[in-house]
Structure formats: structure tokens, C-alpha cells
Amino acid sequence: MSGGFAERAREALGNRQLHIALDRTTAQLGVRRAVGLASLDDADRVRDRARASKMEVLHTLADSLRAFEARLVENGARVHWAETTDDANRIIVEIATKAGVRRVAKSKSMASEETHLNAAFERAGIGVVETDLGEYIVQLAGDRPSHIIMPIVHMTREQVGRVMAQRLSVSYSDDTQTLARYARGQLREEFLQADMGLTGANFGVVENGAICLVTNEGNGRMVTTLPRVHVVLMGIEKLVATMADLDRFLKLLARSATGQKLTAYTTLVRGPRRSGEDSGPDEMHVVLLDNGRSRILAGETAEILGCIRCGACLNACPVYRSVGGHAYGDVYPGPVGSIVTPGIRGLAPFAELPSASSLCGACREVCPVRLDIPRMLLALRHEAVDRTPQPAALRVGLKLFARVASRPRLYRLAAAIARRVLRRRARDGWIRRAPGMARGWTRFRDLRAPAAVTFETAWRRRAARKS
Amino acid sequence: MSGARDAILRRVERALRTGRIPSAPPDHRGDEGAAPVAADARRARPDAAALLDRFVLEARALGVETYVEPTAAAVRDRLRTLVAGLRVLAWNREHLPYDCGSICKGALVGSSPRADQAGAEVGVTGCHGAIAETGSLALIAGPGCSPTVSLLPPFHIALVGPDDLHERMIDFLIARSEALAQSSNCTFVTGPSRTADIELSLTIGVHGPGRVAVVFGP
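Note that the protein sequences, when read in sequence, are chains A and B. All you need for this note's numbering is the position in the first sequence, starting with 1, plus 592. All you need for this note's numbering is the position in the second sequence, starting with 1, plus 13.
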């Protein structure tokens, strides 16, 4: 990753392959979501209630976490708390080392992307393989995921075919059925050999300590059923209070993500294998990760902790659809990433992200939890401006503008001069380089030439004609 | 480790005093929340035939094969035809309804060696719940009911009776809450294993079974 968002976005805009891939998917996902939501009775009320129950959990997060921990322990799981990504990785590698783990099979987990867990395993000499098809291809290609639920949305099937042909010594194909069969063949052995299954959690249920996992491929079931150790890495915000709440979120999650009524496999895990059961892990560990979440909770963007990672806001966002996920520079892309990333990694290095939005509100429109993403983006812009010293020219300029704008005659005079200067610079009704202090505006966009007659003048003439 | 626990909980408590968390309207829990069991008793349960119709409709839309048989003997005949010539992995005999255990004599079970189970060509299970609204099968892990049976073979057959049918997932969760509390794992199977990771193009049978059949008995 190099440079800032603007630079990465410019590169992305020039990448034709990326545009083919994004065009083939994001709009289609948006349509599927709309159809999925339409199949839900009273969808608006379900969303209202889901939002309310998530906000209630956040309001009581400390107590909810204590209760959740107690239920996990009753279920026979061991609970660990990690303040940072390093802590989480250290805890998990320690669990693996103690249990003599040599191979780890991972189901898709955004939290483990956030901690860069794979690198930590590799440093410790422990083999790790991603088992979600998209994540597996990302791992083979040495790439990074670019979408929360569709990790390789940035790749065309031809690119996937080339990666598999190279890394797996299979013959090249761009038929998705064949490519999936290659992956199945390779990963089948991994599931059977793995000593440890690593998953995230879509939801943790406070009232009974159940960990809810959804996958379409069945890899989530494999890694929670076959290996002898199961480790869950989850953010401290992923809680829902009751099974009734879980039911409501499940109705929304798959519909918002892919348009399905329910993901193919929805699994509720309540601790390790019980006596008499033939399969399931001997030990289960749950690692609760903070990594900046408590800091987010303390501020203006606390609401974002209600996100259920469906990815709908990415598919709806005109900026994401143009530049893809990598331009956002970290694990969580799109509108949600523009709030989460500055929250967990600090605002300073990611101060551009909240501005990577036209504030059109499409994200808020599709969010199953009705998160007010535009409001939070604005709050972060405020914070970024407050924290960075603004250039003198801008400060003086704004002061000057305030003076002129609050004196009607002076304002009309200044506006007339500006209009004349700008109109002289315009070609075909557009200004490509504005003069003086206005140049900043035309650095990233063209400026429409002002009209020959101002609205104010036209209005006055109209009033005069009428009388 | 308790150091990290206390530090995180302390930070969360402090954050709750300053964070801007929108408030939740007090009445949001509605009918299925605060007293789910009482609310459920008030709800009229649709009749079994309507539930079956809905389940079949939803399951077929997902690509699940469905067979509705009039008698226990017809269920066994159907099963015999479906598994003919295939290596069978099954729930333990006593857990299969309609005396289907007699069809699965000599089948592998959840306690068989893992490698043998992995080589099975079809998995035969009963079911703990069939959710009409989504066409989902609920399978609760327990002695004699191993989740590997519905997971490892490329073909999964579930035997379902009228008492298994529930309209919604929440109905099942409430009705079977005790069984759920006794088990380490409950899975809702909604159609065959699938992915759309490559250009959204639907591919069936990635890690789990690519073929799912449901046989209904009387």
C-alpha cells in the first residue's frame, strides 16, 4: 500500500480489469438485496427493531460482556481478552502451541484480517489455510480481500484461473464450476488434517453464550466440527441479547448481503463437544478483541459498532463502485470502513477516508441496522479539521468571505466581478482551472461556468415584469 | 489475562458515559421479544398441510429435491432407491424415523473412523426441525446424531415428519430450547452448499453436500 486514498483511487480508476470486475458484481448485489428485502414481511419494522436491540446492547455493553463471558464458561469454553491485535495473535498462537497444533483451517473472519493472524501463525511455524473460496484465492495470490463478504470482487474469473493454474499446478480454466472443484479438492484434505479451526463470529448471544456462524460453502461447519481445537476471534461489539434478536438479525444479514433468505449454513456453537457426541472439538476458546472498539464507543461514531458486516453499503456506494476496496488502504473498505478504520487505527493516517464520500446517503438507505453513516462521516471530517492546523490562506480567506457575504452590496459587487472573471475562463461552459485561491476546487473537479444572469437579478426582473 | 479483561471492561464503562449511542425506543421488543413463549402460545399455528406446502416451495427454489410419501413403507422404498449402490453414512439407527434404520444396515456412523466417513457417498439423517418459511432443516448434534453425516458426503438425505415442521425459525428455537441447551452444535441447512465468490456466478457443492433431498413421511 502506498500513498494516500487520492493516489490509490487514481490508480484504481485507471485499472480496467478492476472496473470489469466491479461492474459485473456490485450493481447485481444491489438488485439482489432489494429483492431479498422485498421477501421479508414488515421489513422496515424488522430493521427498526434490529437497530433498537443493537443500540440497547451497546448501551449495556460492559454488563452484556460479563454475562456473555459467564455463559461461555458454563458452556465449557475458555474466554480470553485481547486489548490489541498483537495481544490477540499472541494469545491464539499460545493456545495453538500448548495444544500441539501444526495445521490451522480458517473460516472467513474479518477480525483475523484485522490482526493479521496468518502472518503470526507463519512466524510461529504453524501452517494456516483459508477455507472460504474467495479468501483461499486471496491467500494463493498473496493479495488482500477487497470486500467484506466478496473478498475477490476485484478479480475476474480469468485472473482467478491464472492464479490457480500457477499455484496449484492444475490446468487453466475460467469456468467457475471447475475452479470451485479445484478448491474443494485441495481444501478437503486440509479440513481433515487440521488440528485447529479458527473462526470469527457473526453474532454472540448474551443470554446463552451461543456463537452464531454463517457460511454458504460449509467451511464454517467443517472447521467447527472436524479439528480438535476451535478458536473464535471476535470483536467485543458482536453481541446480541437474545435468541429472538438473533432471529431478527439472521433475517436481515443474508438478505442484505446476497439477497438470500438465509445463508446456506447457519450454525450455533455452544461450547466444545459434549459427552456422548461423536464430533466437535475437545477444547473451545473465545478471544474477545478490543483493538480500539472501546475508543470508538466513547465518541461520536459509537453507532458504527452496530454494524453486522453485510457489505450492503459497499455495493451501494458510488465511490466504492468506482475505486474498489483496496483504495481504502486497510481491512474494512467502503463507507463502513471509512468510519471503522480511523476508529481502530487512528484518524491521523486515515483522515482522508471520511471525505471519500459524496454524502449521498445510499449507505444509510440500505443499512439493515439503519446506521447513520453520513452523520458519522461528517463528525470525523469535523474532527480531522479541528486536529490539523489549517493553512493561513484558508483561514484568512474564510474570514474575508464571511465579511463580504454578510454585506449585501459588497457581496453583489464581488459576485459580479467573480462572475465576469470566471465566465471569461470558461470553455464550453466548464472551467478546468480556476484562478487564485479557487484553484483548489478545480484540482479534482471541473467547475460549471456561472450563468450570464444571476438568480437574484432574474428574480428581480420577474417581479418587476409582474407589477 | 485478568489485567486485559479489567482494562477493557473499565474502558467500555468509561466510554458509555461519553459515547454518542442513539437511544433505543422502550417498546422495540414487540411480540416475539420479552415473553416469547407466551407470545407464541397466542399465535395460531398454520395447519401441517400448509406448512408442508410452504416448505416444499421454498426448498425447491433452493434446488433441494423433495419427496412427499404417504406411508412409512413408501418412505423406506424412496430411501432405498435414493441410496442404491452408494456408500452410506447415517445417524445411528435408533434416530432414523420410519424404521429407516433397516435400510441403512451396515452403514457407517458418526463414530466410524473419520477417513471412512469422508469417503461416504451419501449421508442419511432425520431432522429436529423443518422451517417452512425458509426451507431450512435444523439438525441438533447429539449422541448418535453426528453433524459429519450431513456435511462430509456429497449427497445429503433428510427424513422429515409432520411434527418436525415449524413456520419460522423462532418457533423452532422456542419449541426446542431444551434440546438446544443440551447440545454443542445446531445447524440450519438451507439448500445445498454454494458459493458466488467468483464474479457472483453460482456454484453448487463447494465444501458441503451439493445435492440435498428431503423425504417427508406421514
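Worth flagging that the hints you see were computed from the coordinates, not collected in a lab. Positions of the beta carbon are idealized from the N, C-alpha and C atoms, including for glycine. It is possible that part of the hints are untrue.
As the list claims (entries may be wrong) - If you want a taste of the chain B side facing chain A, the calculated C-beta under 7 Å gives, among others:
{"hint": "1", "residue": "Gly32"}
{"hint": "2", "residue": "Thr147"}
{"hint": "3", "residue": "Pro156"}
{"hint": "4", "residue": "Thr161"}
{"hint": "5", "residue": "Leu164"}
{"hint": "6", "residue": "Gly204"}
Of the numbered hints stated earlier in the document, which are not met by this structure?
No hint contradicted; all consistent.
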